[in-house]
Amino acid sequence: MSSVSPLSSVSKNVRQRVTPEEWDVRVKLAAAYRLAALFKWTDHIYTHFSARVPGPEEHFLINAFGLLFDEITASNLVKVDVDGTLVDDPTGLGINHAGYVIHSAIHGARPDLQAVLHTHTRDGIAVSAQQDGLLPISQHSIAFSGRVAYHGYEGIALDLDERERLVADLGDKSVLILRNHGLLTAGISVEHAFQQLQGLERACNIQIAAQAAGNAELVFPPADVVAKVETQAEGLKRGDGPGVARHWNALIRQLERTDLDYKN
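The sequence shown: position 207 = 326 (the working numbering), numbered continuously.
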């Protein structure tokens with residue numbers, strides 16, 4: 120049985136009808152989707168990455184519902200406002216309502232955060248289901264010490280009133296573990312949010328691997344060392360240092376060895 124790909128209907132002039140600033144964000148967000156596919160962080164057509172559109176309007180970009188992460192391009196991202204109105208839907212697929220609920224909550228309440236990335240990875244969900252959450256047992260996890268928030272599971276995020284509780288739980292942080300659900304990081308840019316997500320995913324990988332040793336006792340660094348690392352990781356928290364661009368540029372070089380289509 121043959122079918123027409125929804126990608127075939129995407130307008131070719133998206134770049135011409137948006138500002139250069141919006142196009143730049145589109146390209147970076149599409150790259151983030153492709154990198155997540157490369158690193159196998161996807162959950163088929165589910166989970167979402169979003170980014171605020173530069174300008175006075177309360178618009179953000181998110182994936183069309185039904186596209187795989189490795190199909191996302193700068194042109195086929197959907198533009199939506201915080202009230203859920205589709206401003207530009209190039210494929211006609213619309214968006215996943217659960218994704219809208221989570222991402223609109225943060226974009227609406229936290230104008231300081233420009234990008235929001237959410238995953239359903241195996242190890243991320245495994246850590247989210249543990250009573251103690253992320254443990255300070257690795258250099259990766261200690262870098263998040265004192266800046267991870269938690270949000271209790273309420274079922275599939277279809278109820279708009281959950282947004283208030285999600286934002287309250289996030290508080291002034293930019294890293295959120297959704298209990299029994301997955302991971303979420305936000306940042307002052309796509310690059311910043313992605314660097315945080317990569318570090319958080321790695322921390323969860325390490326924790327699950329360490330716990331798989333069974334009865335082996337875990338080593339927890341002393342409190343003064345944890346406090347020292349918290350200070351050392353301050354730049355990662357802010358996202359305004361040169362390390363963010365250095366990290367992102369290396370990721371783009373890695374992506375573009377095999378994939379240039381995301382820019383279209």
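Be a bit skeptical, because a hint or two may be false.
[What the hints assert, rightly or not] Subject to a maximum C-alpha distance of 25 angstroms in a straight line, what follows is the list of computed PhoX-like cross-link-like pairs (lysine-lysine):
1. K347 <-> K159
2. K292 <-> K382
3. K159 <-> K382
4. K292 <-> K347
5. K356 <-> K292
6. K159 <-> K147
7. K347 <-> K147
[Stated by the list, open to error] Derived DEER-like restraints, expressed as beta-carbon distance ranges:
8. G333 <-> A287: 14 to 24 angstroms
9. G213 <-> Q373: 46 to 56 angstroms
10. Q330 <-> D202: 15 to 25 angstroms
It is worth saying that the hints were derived from the structure and are not from the lab.
All C-beta atoms in this analysis are idealised placements derived from N, C-alpha and C, irrespective of residue type, glycine included.
Here is how each hint holds up against the structure:
1. Distance check on the hinted pair: K347 and K159 sit about 32 angstroms apart at the alpha-carbon level, beyond 25 angstroms; violated.
2. Of the pairs offered as hints, the one joining K292 and K382 is violated, with about 31 angstroms between alpha carbons and a cut-off of 25 angstroms exceeded.
3. At roughly 20 angstroms between alpha-carbon atoms, K159 and K382 fall within 25 angstroms of each other, so this suggested pair holds.
4. Restraint check for K292 and K347: the C-alpha separation of about 19 angstroms stays at or below 25 angstroms, so the hint holds.
5. Straight-line distance between C-alpha atoms of K356 and K292 comes to about 9 angstroms, which keeps the hinted pair within the 25 angstroms bound.
6. For the suggested pair K159 and K147, the alpha carbons sit about 18 angstroms apart, so the restraint of at most 25 angstroms is met.
7. For the hint pairing K347 with K147, the CA-to-CA distance comes to about 33 angstroms; that exceeds 25 angstroms, so the pair is violated.
8. The hinted range of 14 to 24 angstroms is not satisfied by G333 and A287, whose Cβ atoms lie roughly 38 angstroms apart.
9. Restraint check, G213 to Q373: a C-beta distance of roughly 32 angstroms breaks the suggested window 46 to 56 angstroms.
10. At about 43 angstroms, the CB distance of Q330 to D202 disagrees with the hint of 15 to 25 angstroms.
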